[in-house]
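Colleague: So the chains spell out like this:
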Amino acid sequence: MSFLPLIISLLAMCAAGYWYGSKKALSSHSFAGQQNAGRPHLYGLYVVIWGVIPPAILLILWGVFSYSSIDVSGGIAGKIDKVVFPSLITVAAILGLTLAVRQISPNLRARKTVEAAVYCVLILASTLSVFTTIGIVLSLLIETIQFFEKVPYQEFFFSLNWSPQMALREDQVGSSGAFGAIPLFTGTLLITLIAMIVAVPLGLMSGIYMTEYASKNFRATVKPILEILAGIPTVVYGFFAALTVGVFFRDVGTFIGLDVVSESALAAGVVMGMMIIPFISSLSDDIIMAVPQSLRDASYGLGATKSETVINVIIPAALPGIVGAILLAVSRAIGETMIVVMAAGFAANLTANPLESVTTVTVQIVGLLVGDQEFDSAKTLAAFALALTLFAITLCLNVIALLVVRKYREKYD
Amino acid sequence: MTDIQNQTNKAGWPTNGANKILAKRHRTERNFRRLGLTAILIAMALLATLLVSIVGKGYSAFIQTTITLDINFEQEILDPKDTRSPETLKAASYGSVIRNALRTEFPEVKSRIELRRLFGLISKGAVQELRNAVLANPKLIGTTRVFELTASDDVDMFIKGYISRDVVEQDRRIKNNEIVWIDRLQNQNAIQTRFNTRFFTGGDSREPEVAGILGAMVGSLYTLFITFIISFPIGVMSAIYLEEFAPKNKLTDVIEVNINNLAAVPSIVFGLLGVALFLNVAHLPRSAPLVGGLTLALMTLPTIIIAARASIRAVPGSIRNAALGLGASKQQAVFHHVLPLSLPGILTGTIIGLSQALGETAPLLMIGMVAFIVDIPGGVTDPATVLPVQIFLWADSPERAFVEKTSGAIMVLLSFLVFMNAAAVLLRKKFEQRW
Numbered sequence: 000m001s002f003l004p005l006i007i008s009l010l011a012m013c014a015a016g017y018w019y020g021s022k023k024a025l026s027s028h029s030f031a032g033q034q035n036a037g038r039p040h041l042y043g044l045y046v047v048i049w050g051v052i053p054p055a056i057l058l059i060l061w062g063v064f065s066y067s068s069i070d071v072s073g074g075i076a077g078k079i080d081k082v083v084f085p086s087l088i089t090v091a092a093i094l095g096l097t098l099a100v101r102q103i104s105p106n107l108r109a110r111k112t113v114e115a116a117v118y119c120v121l122i123l124a125s126t127l128s129v130f131t132t133i134g135i136v137l138s139l140l141i142e143t144i145q146f147f148e149k150v151p152y153q154e155f156f157f158s159l160n161w162s163p164q165m166a167l168r169e170d171q172v173g174s175s176g177a178f179g180a181i182p183l184f185t186g187t188l189l190i191t192l193i194a195m196i197v198a199v200p201l202g203l204m205s206g207i208y209m210t211e212y213a214s215k216n217f218r219a220t221v222k223p224i225l226e227i228l229a230g231i232p233t234v235v236y237g238f239f240a241a242l243t244v245g246v247f248f249r250d251v252g253t254f255i256g257l258d259v260v261s262e263s264a265l266a267a268g269v270v271m272g273m274m275i276i277p278f279i280s281s282l283s284d285d286i287i288m289a290v291p292q293s294l295r296d297a298s299y300g301l302g303a304t305k306s307e308t309v310i311n312v313i314i315p316a317a318l319p320g321i322v323g324a325i326l327l328a329v330s331r332a333i334g335e336t337m338i339v340v341m342a343a344g345f346a347a348n349l350t351a352n353p354l355e356s357v358t359t360v361t362v363q364i365v366g367l368l369v370g371d372q373e374f375d376s377a378k379t380l381a382a383f384a385l386a387l388t389l390f391a392i393t394l395c396l397n398v399i400a401l402l403v404v405r406k407y408r409e410k411y412d
Numbered sequence: 000m001t002d003i004q005n006q007t008n009k010a011g012w013p014t015n016g017a018n019k020i021l022a023k024r025h026r027t028e029r030n031f032r033r034l035g036l037t038a039i040l041i042a043m044a045l046l047a048t049l050l051v052s053i054v055g056k057g058y059s060a061f062i063q064t065t066i067t068l069d070i071n072f073e074q075e076i077l078d079p080k081d082t083r084s085p086e087t088l089k090a091a092s093y094g095s096v097i098r099n100a101l102r103t104e105f106p107e108v109k110s111r112i113e114l115r116r117l118f119g120l121i122s123k124g125a126v127q128e129l130r131n132a133v134l135a136n137p138k139l140i141g142t143t144r145v146f147e148l149t150a151s152d153d154v155d156m157f158i159k160g161y162i163s164r165d166v167v168e169q170d171r172r173i174k175n176n177e178i179v180w181i182d183r184l185q186n187q188n189a190i191q192t193r194f195n196t197r198f199f200t201g202g203d204s205r206e207p208e209v210a211g212i213l214g215a216m217v218g219s220l221y222t223l224f225i226t227f228i229i230s231f232p233i234g235v236m237s238a239i240y241l242e243e244f245a246p247k248n249k250l251t252d253v254i255e256v257n258i259n260n261l262a263a264v265p266s267i268v269f270g271l272l273g274v275a276l277f278l279n280v281a282h283l284p285r286s287a288p289l290v291g292g293l294t295l296a297l298m299t300l301p302t303i304i305i306a307a308r309a310s311i312r313a314v315p316g317s318i319r320n321a322a323l324g325l326g327a328s329k330q331q332a333v334f335h336h337v338l339p340l341s342l343p344g345i346l347t348g349t350i351i352g353l354s355q356a357l358g359e360t361a362p363l364l365m366i367g368m369v370a371f372i373v374d375i376p377g378g379v380t381d382p383a384t385v386l387p388v389q390i391f392l393w394a395d396s397p398e399r400a401f402v403e404k405t406s407g408a409i410m411v412l413l414s415f416l417v418f419m420n421a422a423a424v425l426l427r428k429k430f431e432q433r434w
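Protein chains in written order, with numbering that gives the first Met the number 0: chain A, 0 to 412; chain B, 0 to 434.
Chain A on its own, in the form it takes in the complex:
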């Protein structure tokens, strides 16, 4: 019996069990007048739990068995895989259901069992996020360790040359693959820096204006409009950066006599900054709002104007929060993929000139993994090493940002 019909028949059996269990509890003569007895559907659920748990355990065992190294195509192992497990599962389900149905009586505390089962399911669901993190770390770590067996980590972290093409033939010249990730890190930093130069002043100033100056109506209309920027998919920004902004900067460059490539770091950075504006503005909005009104009143009372209050009182008071917000924005810019894939280059240039083309960590991950994947080549494994670096950096930035913000909050509460 194959997988899907088995699952469907199990579900059908459970449904029948639910129906029969509730009916038995509802119609049974001995239930009449019993105050302690639970509501009938609980008895149905009780039956279903006994119909689900034994087969589920066997299903997991079956899965482990099929994916373990034993060859399941023939022989005894194949027979166990094809015949023994499905029939065992069916028998377990039937046994569980019948035993549960026979147990139904007014003295059975069905609710206790049902609630215990629900509680377990809730715990399982909430640990999934932990397992996701563990999964990310493990999957990246395993491949990265394999990568560092092929390429020494000194080369990866300190060498200046990145050209991951592996040789097609043994005697090919200059294509043994070089895995120095420094140009990728500098490229990422350059684009992030440009994005921050665009986003921080614009985001911060609009956040200040929204909280300190804007009328209620202005805020109610403008804030959602700015948030649209945050809701636009990054692939759209990428298209905009590649086709409109990149070409615009190139034309302006030609006009004033500068040599600007159309895949310049400037175009990618500016558009990325545009994406991050609402992120910074809404975060700084919250943070400035959290500065106690008494500080403002004290400053006004001393005769300060609004701008003097903002610069001398509010910003210093909110500084930790603002720094936290900027760190979060940096971590988002570093991890951003589509804008740079579409608008920045693939060639690894070690340059600080924003008018030239640079590449980033995320661009290289996409470049290395899209298309054919062989999981034993250093080229594919390099993507995992880059991703682990990316994960570690963004994680550190987030943790630092959260710590900074939390510390600041304790000060004024």
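Not close to chain B: a few residues of chain A, all C-beta gaps over 10 Å, as computed:
no., residue
1, LEU87
2, LEU107
3, PHE184
4, LEU257
5, ALA297
6, GLY300
7, LEU354
With the C-beta cut set under 10 Å, the calculated list includes, among others, these residues of chain A facing chain B:
no., residue
8, ALA124
9, SER125
10, ALA303
11, GLY334
12, PHE390
By construction, these hints were calculated from the structure, which means they are not laboratory data.
The beta carbon of each residue, even a glycine, is placed where N, CA and C say it ideally should be.
Knowing the structure of chain A, use the given hints to seat chain B on it.
Modeller: Just chain B now, with coordinates in the frame of chain A:
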């Protein structure tokens, strides 16, 4: 803030000097205020530029140029043995029917090269149109009908004005003789522009004029469906556990920190997790909406959990206490009272999470949803692509006509997102409860 003492006269009134300083301070104040307003205006101008440039490039994707020709469905070519069987009709050479029609329309064109250019006016997809027409109505064979055929992408671009007549001929995709033919067709009113239904009913294609987004939309739908059925129940259950049942201990702390950190992990890392977990370990099919949906579900989960927790927290304790006071168990209080009351908020958060998932591209590139797929996917395990990835693929194509297709697809994607977010806002407005 300044030392005013020295700038007052004997009676204590401010002198000119003090007035000057005050004026300067007020000027700074005004400038600062203007600076803030300018920042907002620049941000809004950037948004407007983005939208205008997309719509300006993309609105013409919804219009399609067609060329009307007298098509002679010759029995000799289409069904020489007079069988009328669907197999013969499917395999028949509709291309030569079109070529004959063009030859009769332009009898003066003789040379091989010129003929090839002439045949190039009509899209390669027109063959399919004729085939469908004949399959639907075999009686067409042997008759001559006026038929509207899709024009090729170059003609389409020319009619829409993206290819200028003023450019030197070598740099122009439409050559001089083609312009002459097009002008003649236009004078005969044989060139029309129609609403481009194929854009919404077709799959991907190498020919821009027949490429459509239906395949990508169906792929997005399947992917989003998988994302929803995985992330919604699990997200709600985690939120319920963390808000209502979790004891304050180390494990709970770890889970909470984890969820916050997961929300900030770059999406591409989830793509790599998808590759390692779902493709390499579980051996699920590559490029399938199933894998894409699972990957996006892991990514959306933190968003849903955070929103659901906030919504559950907003339900006042008196409701729980009332339920408990009437003899409900803790779980009954939660599932019968707290959960229904917080459901609108949870759904709002879910819709926002799903709209993020709908616009996500990078993780889906990793798990191979970037393949060129013509067929409309029929299930969650069929190879498929999604709307944002389709945009990415088209943005990479060199043909000029794909620029408008890309922008058109972006417009469709953005309108989906606007629709989802509007639904979220409405839901919040309608069911929002102040306690």
